[in-house]
Amino acid sequence: MHRYRFVLWRPFQLLPVLFGISVLVFVMVRSIPGDPARILLGVRSTPQAIARIRAQYGLDEPLWLQYFYFVRNLLQGEMGKSIIYRVDTLKLIDSRIQPTIFLVLGSVLLAVLIAVPLATGAARYRGRLADHAIRLISTIGLGLPAFWLGIMVILLFSISLHWFPVSGYGSDWAERLHHLFLPCLTVALALSAVLTRNLRASLLMELQNDYVTAARARGLSENHIFWRHVMPNSLIPTINLLAVNIGWLIGGTVVIESVFAIPGLGQLLVKAIISRDYMVVQGVVLVFALATVAVNLLADLLTVALDPRVKL
Numbered sequence: 001m002h003r004y005r006f007v008l009w010r011p012f013q014l015l016p017v018l019f020g021i022s023v024l025v026f027v028m029v030r031s032i033p034g035d036p037a038r039i040l041l042g043v044r045s046t047p048q049a050i051a052r053i054r055a056q057y058g059l060d061e062p063l064w065l066q067y068f069y070f071v072r073n074l075l076q077g078e079m080g081k082s083i084i085y086r087v088d089t090l091k092l093i094d095s096r097i098q099p100t101i102f103l104v105l106g107s108v109l110l111a112v113l114i115a116v117p118l119a120t121g122a123a124r125y126r127g128r129l130a131d132h133a134i135r136l137i138s139t140i141g142l143g144l145p146a147f148w149l150g151i152m153v154i155l156l157f158s159i160s161l162h163w164f165p166v167s168g169y170g171s172d173w174a175e176r177l178h179h180l181f182l183p184c185l186t187v188a189l190a191l192s193a194v195l196t197r198n199l200r201a202s203l204l205m206e207l208q209n210d211y212v213t214a215a216r217a218r219g220l221s222e223n224h225i226f227w228r229h230v231m232p233n234s235l236i237p238t239i240n241l242l243a244v245n246i247g248w249l250i251g252g253t254v255v256i257e258s259v260f261a262i263p264g265l266g267q268l269l270v271k272a273i274i275s276r277d278y279m280v281v282q283g284v285v286l287v288f289a290l291a292t293v294a295v296n297l298l299a300d301l302l303t304v305a306l307d308p309r310v311k312l
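For the sequence shown, my numbering begins at 1 and goes up steadily by one.
In short, the hints are calculated from the structure, not lab data.
If you're wondering where the values come from, they're calculated on a predicted model, not measured in any experiment.
One or more of the hints may lead you astray.
[Said to hold, decoys possible] With a cut-off of at most 20 Å between alpha-carbon atoms, the simulated DMTMM-like pairs for lysine to aspartate or glutamate come out as follows: (1) 81 / 61; (2) 271 / 88; (3) 271 / 94; (4) 81 / 60; (5) 91 / 78; (6) 81 / 94.
Let's have the full structure, built from the sequences with the hints guiding it.
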């Protein structure tokens with residue numbers, strides 16, 4: 001169990017990262033042109049009304065004092081109140097986080113289901129037609145923008161074939177799964193291209209190692225060698241790559257949720273930026289940062305579990 005001791009001190013290493021993210025987001029959000037109070041009240045607002053709103057939300061205070069209040073509230077489990085929605089930011093995020101979680105989990109699941117068979121086929125039939133075709137498909141997938149791919153799958157599966165709804169989230173579990181399939185597929189197609197290439201390279205490298213030759217000399221079957229020894233060892237770099245790309249995927253939900261009109265954190269972030277809702281922007285970005293940090297910690301745990309030689 002000493003291999004897992006890093007779990008005790010790794011969160012303390014991540015605190016400076018989260019602190020830096022909070023400072024960066026706080027400064028960048030307030031650098032966006034526009035006044036939240038003026039946007040809230042409209043073009044016919046009076047200077048007195050604008051000043052009253054700014055005082056109500058502490059926007060008339062110096063930046064360092066606003067950041068102090070923000071950190072103080074954060075340590076107390078609060079993220080302030082939304083200027084536009086007039087509710088606590090934490091409650092607002094809690095009401096929107098479920099679609100984003102399902103979108104990320106569904107995308108990762110589909111990406112793995114696509115990447116593992118493709119990478120396995122490419123590695124086991126190296127140099128043949130199947131390998132060349134899989135490599136070509138994955139290379140094309142690396143260059144397809146998510147928003148364009150989302151529009152294409154909508155045109156094909158929603159408008160032409162009428163298999164899935166164009167947008168929305170649904171009201172029950174069955175409808176939500178039906179609505180989320182195309183968004184998850186859009187993300188999975190882009191993510192699986194990266195995973196396929198990486199896993200194929202790892203499989204080919206492992207197949208050339210001495211322990212594979214020794215296993216063959218002992219008379220073990222190719223399937224047993226591949227799935228019992230080669231595949232587990234090849235998964236380690238792929239898991240680390242997947243963790244890095246999940247961080248990209250979490251940020252990419254902003255585009256996907258906007259394309260498919262999913263009421264998640266990504267769409268909430270876009271609206272908050274447009275309306276200069278500072279508290280909501282800061283809260284959503286911090287949630288994304290925490291999720292990325294948690295995913296990387298989970299990847300470290302899986303890496304240590306798969307390979308006892310690894311020490312973190």
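Against the structure, the hints come out as follows:
The hinted pair formed by residue 81 and residue 61 meets the criterion: a straight-line CA distance of about 16 Å does not exceed 20 Å. Simply put, residue 271 and residue 88 have alpha-carbon atoms about 16 Å apart, close enough for the 20 Å limit, and the pair holds. For a cut-off of 20 Å, the pair hint linking residue 271 to residue 94 stands: about 16 Å separates their Cα positions. Between the alpha carbons of residue 81 and residue 60 the distance comes to roughly 16 Å, so the proposed pair stays at or under 20 Å and holds.
Proposed proximity of residue 91 and residue 78 is supported: the alpha carbons are some 10 Å apart, at most 20 Å. For the proposed pair residue 81 and residue 94, the alpha carbon gap of about 13 Å is at most 20 Å, so the pair holds.
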